[in-house]
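Number of protein chains: 2
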Amino acid sequence: MSDGLNMSRRIRRTPYTDNVQEAGVRGFTVVNHMLLPKAYQPSVEEDYWHLREHVQLWDVSCQRQVQVTGPDAKALIQLMTPRDISRMCYNDCLYIPIIDAQGGMINDPVLIKLNDDKYWLSIADSDVLLYAKGIAYGKGFDVDLCEPDVFPLAIQGPKSEALLCRLFGNHIADISFFKYGWISFRGTKQLIARSGYSRQGGFEIYLKGAHLGPALWQTIWEAGQDFNITPGCPNLIERIEGGLFSYGNEMTSQNNPFEVMLGKYCVIDGSIDYIGLSALQKIAASGSTREIRGILFDGGPCPTCSIPWPVTREGQEIGTITSAIWSPRLERNVGLAIIENAEGNTGKPIEVKRPDATVSGSVSYLPFA
Amino acid sequence: MSDGLNMSRRIRRTPYTDNVQEAGVRGFTVVNHMLLPKAYQPSVEEDYWHLREHVQLWDVSCQRQVQVTGPDAKALIQLMTPRDISRMCYNDCLYIPIIDAQGGMINDPVLIKLNDDKYWLSIADSDVLLYAKGIAYGKGFDVDLCEPDVFPLAIQGPKSEALLCRLFGNHIADISFFKYGWISFRGTKQLIARSGYSRQGGFEIYLKGAHLGPALWQTIWEAGQDFNITPGCPNLIERIEGGLFSYGNEMTSQNNPFEVMLGKYCVIDGSIDYIGLSALQKIAASGSTREIRGILFDGGPCPTCSIPWPVTREGQEIGTITSAIWSPRLERNVGLAIIENAEGNTGKPIEVKRPDATVSGSVSYLPFA
Numbered sequence: 002m003s004d005g006l007n008m009s010r011r012i013r014r015t016p017y018t019d020n021v022q023e024a025g026v027r028g029f030t031v032v033n034h035m036l037l038p039k040a041y042q043p044s045v046e047e048d049y050w051h052l053r054e055h056v057q058l059w060d061v062s063c064q065r066q067v068q069v070t071g072p073d074a075k076a077l078i079q080l081m082t083p084r085d086i087s088r089m090c091y092n093d094c095l096y097i098p099i100i101d102a103q104g105g106m107i108n109d110p111v112l113i114k115l116n117d118d119k120y121w122l123s124i125a126d127s128d129v130l131l132y133a134k135g136i137a138y139g140k141g142f143d144v145d146l147c148e149p150d151v152f153p154l155a156i157q158g159p160k161s162e163a164l165l166c167r168l169f170g171n172h173i174a175d176i177s178f179f180k181y182g183w184i185s186f187r188g189t190k191q192l193i194a195r196s197g198y199s200r201q202g203g204f205e206i207y208l209k210g211a212h213l214g215p216a217l218w219q220t221i222w223e224a225g226q227d228f229n230i231t232p233g234c235p236n237l238i239e240r241i242e243g244g245l246f247s248y249g250n251e252m253t254s255q256n257n258p259f260e261v262m263l264g265k266y267c268v269i270d271g272s273i274d275y276i277g278l279s280a281l282q283k284i285a286a287s288g289s290t291r292e293i294r295g296i297l298f299d300g301g302p303c304p305t306c307s308i309p310w311p312v313t314r315e316g317q318e319i320g321t322i323t324s325a326i327w328s329p330r331l332e333r334n335v336g337l338a339i340i341e342n343a344e345g346n347t348g349k350p351i352e353v354k355r356p357d358a359t360v361s362g363s364v365s366y367l368p369f370a
Numbered sequence: 002m003s004d005g006l007n008m009s010r011r012i013r014r015t016p017y018t019d020n021v022q023e024a025g026v027r028g029f030t031v032v033n034h035m036l037l038p039k040a041y042q043p044s045v046e047e048d049y050w051h052l053r054e055h056v057q058l059w060d061v062s063c064q065r066q067v068q069v070t071g072p073d074a075k076a077l078i079q080l081m082t083p084r085d086i087s088r089m090c091y092n093d094c095l096y097i098p099i100i101d102a103q104g105g106m107i108n109d110p111v112l113i114k115l116n117d118d119k120y121w122l123s124i125a126d127s128d129v130l131l132y133a134k135g136i137a138y139g140k141g142f143d144v145d146l147c148e149p150d151v152f153p154l155a156i157q158g159p160k161s162e163a164l165l166c167r168l169f170g171n172h173i174a175d176i177s178f179f180k181y182g183w184i185s186f187r188g189t190k191q192l193i194a195r196s197g198y199s200r201q202g203g204f205e206i207y208l209k210g211a212h213l214g215p216a217l218w219q220t221i222w223e224a225g226q227d228f229n230i231t232p233g234c235p236n237l238i239e240r241i242e243g244g245l246f247s248y249g250n251e252m253t254s255q256n257n258p259f260e261v262m263l264g265k266y267c268v269i270d271g272s273i274d275y276i277g278l279s280a281l282q283k284i285a286a287s288g289s290t291r292e293i294r295g296i297l298f299d300g301g302p303c304p305t306c307s308i309p310w311p312v313t314r315e316g317q318e319i320g321t322i323t324s325a326i327w328s329p330r331l332e333r334n335v336g337l338a339i340i341e342n343a344e345g346n347t348g349k350p351i352e353v354k355r356p357d358a359t360v361s362g363s364v365s366y367l368p369f370a
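The listed protein sequences correspond, in order, to chains A and B. One point on numbering: in this note's numbering, the residue at position 160 of the first sequence is 161, and numbering is uninterrupted. One point on numbering: in this note's numbering, the residue at position 12 of the second sequence is 13, and numbering is uninterrupted.
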């Protein structure tokens with residue numbers, strides 16, 4: 002038995018886990034009951050600089066799909082989200098909040114429309130499938146719900162497009178941001194989207210067929226040698242700098258969509274109906290001013306943030322940092338925090354209670370400059 | 002950054018995590034988005050022998066509670082389970098299957114009745130709260146649903162009762178198996194049940210108030226010195242020998258309750274209605290003979306089972322092992338597997354395809370003798 006994470010069937014391996022281990026993965030976390038690699042290089046900083054310049058291959062199978070099919074598929078999904086999906090097109094990938102009756106965030110998946118009665122919700126870390134099953138039962142919807150045999154593989158970084166065009170054809174370059182197209186792989190047709198959990202550009206292949214996983218990894222890996230490819234994973238420095246939020250970290254069911262910059266996706270004028278509509282209307286009418294911001298702060302490289310750290314202004318707590326790390330580019334610590342009176346506090350000096358010290362900082366818009 | 006599991010707010014610490022780390026925990030797993038200690042002693046075997054003889058303190062906070070309150074609390078819970086809860090008493094802890102419309106297992110929690118309109122579901126590893134929220138919305142039930150500020154701490158092993166009687170009073174001895182009582186701790190009243198994830202006897206304190214966690218741990222720890230207490234955690238050898246199943250390992254939504262010995266809790270005569278009733282009736286009528294059994298097998302201490310291992314009889318696959326480990330007491334490997342024609346195959350010779358070898362074995366009733 003080794004230190005760290007213990008393995009069992011419950012903590013599911015992915016079709017790429019063998020490849021990932023061969024590639025020298027140094028740690029995992031667990032998302033949706035599945036392994037997500039968390040480190041390869043000797044340091045997160047090396048991963049960070051590489052991601053900004055080259056191309057990386059990420060096993061993001063833990064972005065599980067909730068497949069909704071049937072005549073009531075669209076009605077069920079609309080009930081789960083405040084975002085209007087009525088004019089969604091094929092080839093659209095839509096970032097949607099899913100909320101509960103109190104307006105609390107349940108998940109923030111990407112919704113993919115495959116056809117009029119078939120959708121995938123590509124989810125963050127909570128069992129959206131169970132929420133959907135409960136609603137579908139309660140409302141008597143005519144839908145089928147399952148987790149299909151689909152395992153996303155991300156290709157991230159500025160050289161992603163060149164690599165994938167060489168491998169799969171130049172039509173890859175025509176796929177717009179948050180749209181999807183198709184590639185051929187070993188006689189199968191596979192969905193590929195211009196998306197991913199970084200701000201460095203890239204794609205996600207929604208591989209259908211776990212048995213094809215090792216071959217897909219290997220194919221991209223080999224073609225990627227000319228592009229200085231490395232194995233990678235969501236990079237904490239890059240995602241915080243870029244203002245990418247993580248369900249369970251920046252938001253839980255105690256947060257509403259307005260607090261995490263998802264207000265722009267929430268239709269609250271009554272033109273569509275969904276779970277939590279009246280809760281969101283009340284929150285909007287209350288004039289709540291809590292919103293997520295970046296925090297720049299001092300004191301040299303900070304430890305891991307596993308319990309939120311208080312942010313105070315003039316002695317008053319105005320929020321807590323939920324993710325933080327040293328930015329080698331900005332040469333300061335960067336963090337994410339939901340802040341009271343966010344507009345009024347932006348740009349202002351604050352203090353951060355790190356576990357090891359109380360230090361000075363300031364509130365910044367996101368993404369960090 | 003260390004090898005193994007990476008920490009973040011999303012992988013929640015518990016009120017006891019500081020104590021657990023001071024006590025020298027050597028690894029964690031993740032259950033319900035929360036840390037569960039997985040090893041302390043140099044070997045699982047040392048933990049095993051100690052658990053059978055003395056007393057251990059386990060941080061099982063990851064057994065999260067889904068609190069259901071309100072006039073429709075009982076109706077909602079009855080809809081989620083095939084077990085009849087109508088005659089449930091205060092002080093009862095009821096082990097219940099929760100299933101979906103296809104009869105698939107969603108979870109196997111312990112249900113605790115606090116009063117006529119207040120219940121806790123003490124859950125295994127899936128977001129039952131989301132399932133409950135979906136059903137409650139869809140059916141328009143008048144309930145409040147939340148994850149309360151409750152963090153179970155288990156005291157397991159044959160000396161548990163003596164230790165807890167000394168600490169909290171002799172009324173502890175009067176609590177029957179799967180019943181609960183109350184203790185006083187620092188001016189609060191806390192629920193204590195005779196239950197836990199071992200066959201060695203013991204109790205679980207459902208501590209209300211995270212801030213009391215370190216003091217509760219420390220109080221039991223100090224009083225436990227006379228009883229040779231150690232920190233512990235669910236022990237893989239002990240639970241497999243004892244026939245205790247793990248959601249995500251022995252069963253998933255692809256399994257029905259009959260397959261995992263929960264048929265005795267399923268009322269299918271139509272006297273109660275619940276989600277999945279007609280599915281269970283169909284399965285029962287089909288004469289399905291798949292059921293979980295123990296597997297004894299050769300080849301010396303086996304590796305960790307993270308991908309199910311095929312079990313064959315006369316060349317035909319009859320099931321897969323989902324958890325397995327070397328039993329130092331039986332001096333053989335023990336595993337758990339859902340087996341086709343379970344009655345017909347019990348006692349019969351089989352072969353197990355371990356990752357490192359194909360070896361001989363036999364099918365056994367549970368718990369292992």
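The set of hints was computed from the structure by calculation and includes no laboratory data. It is possible that part of the hints are untrue.
Put simply, identical chains are the same to the list, so a pair is met inside one copy or across any two.
What the hints assert, rightly or not - Derived lysine-lysine pairs resembling DSS-like cross-links, with alpha carbons at most 30 Å apart:
1. Lys283 / Lys180
2. Lys190 / Lys119
3. Lys283 / Lys140
4. Lys354 / Lys209
5. Lys119 / Lys283
6. Lys190 / Lys140
7. Lys75 / Lys180
8. Lys75 / Lys119
9. Lys354 / Lys190
10. Lys140 / Lys75
11. Lys349 / Lys190
12. Lys209 / Lys75
13. Lys209 / Lys349
14. Lys180 / Lys119
Okay, the hints, checked on the actual structure:
1. Lys283 / Lys180: So Lys283 and Lys180 fail the 30 Å test inside a copy (34 Å) and across (43 Å) alike.
2. Lys190 / Lys119: Intra 17 Å, inter 51 Å, cutoff 30 Å: intra-copy only.
3. Lys283 / Lys140: Result: close both inside a copy and across copies, 25 Å intra and 23 Å inter.
4. Lys354 / Lys209: For Lys354 and Lys209, only the inter-copy Cα distance (27 Å) is at most 30 Å; the intra-copy one is 46 Å.
5. Lys119 / Lys283: So Lys119 and Lys283 pass the 30 Å test across copies only (28 Å; inside, 33 Å).
6. Lys190 / Lys140: Intra 35 Å, inter 40 Å, cutoff 30 Å: neither.
7. Lys75 / Lys180: within (19 Å within a copy, 45 Å between copies)
8. Lys75 / Lys119: Classified as within: same-chain Cα gap 8 Å, cross-chain 35 Å, threshold 30 Å.
9. Lys354 / Lys190: Neither: 51 Å inside a chain and 33 Å across chains, both beyond 30 Å.
10. Lys140 / Lys75: Answer is both: 14 Å inside a copy and 19 Å across each meet the 30 Å cutoff.
11. Lys349 / Lys190: So Lys349 and Lys190 fail the 30 Å test inside a copy (52 Å) and across (45 Å) alike.
12. Lys209 / Lys75: This pair counts as within: shortest intra-copy Cα distance 22 Å, inter-copy 41 Å.
13. Lys209 / Lys349: neither (49 Å within a copy, 39 Å between copies)
14. Lys180 / Lys119: within (16 Å within a copy, 47 Å between copies)
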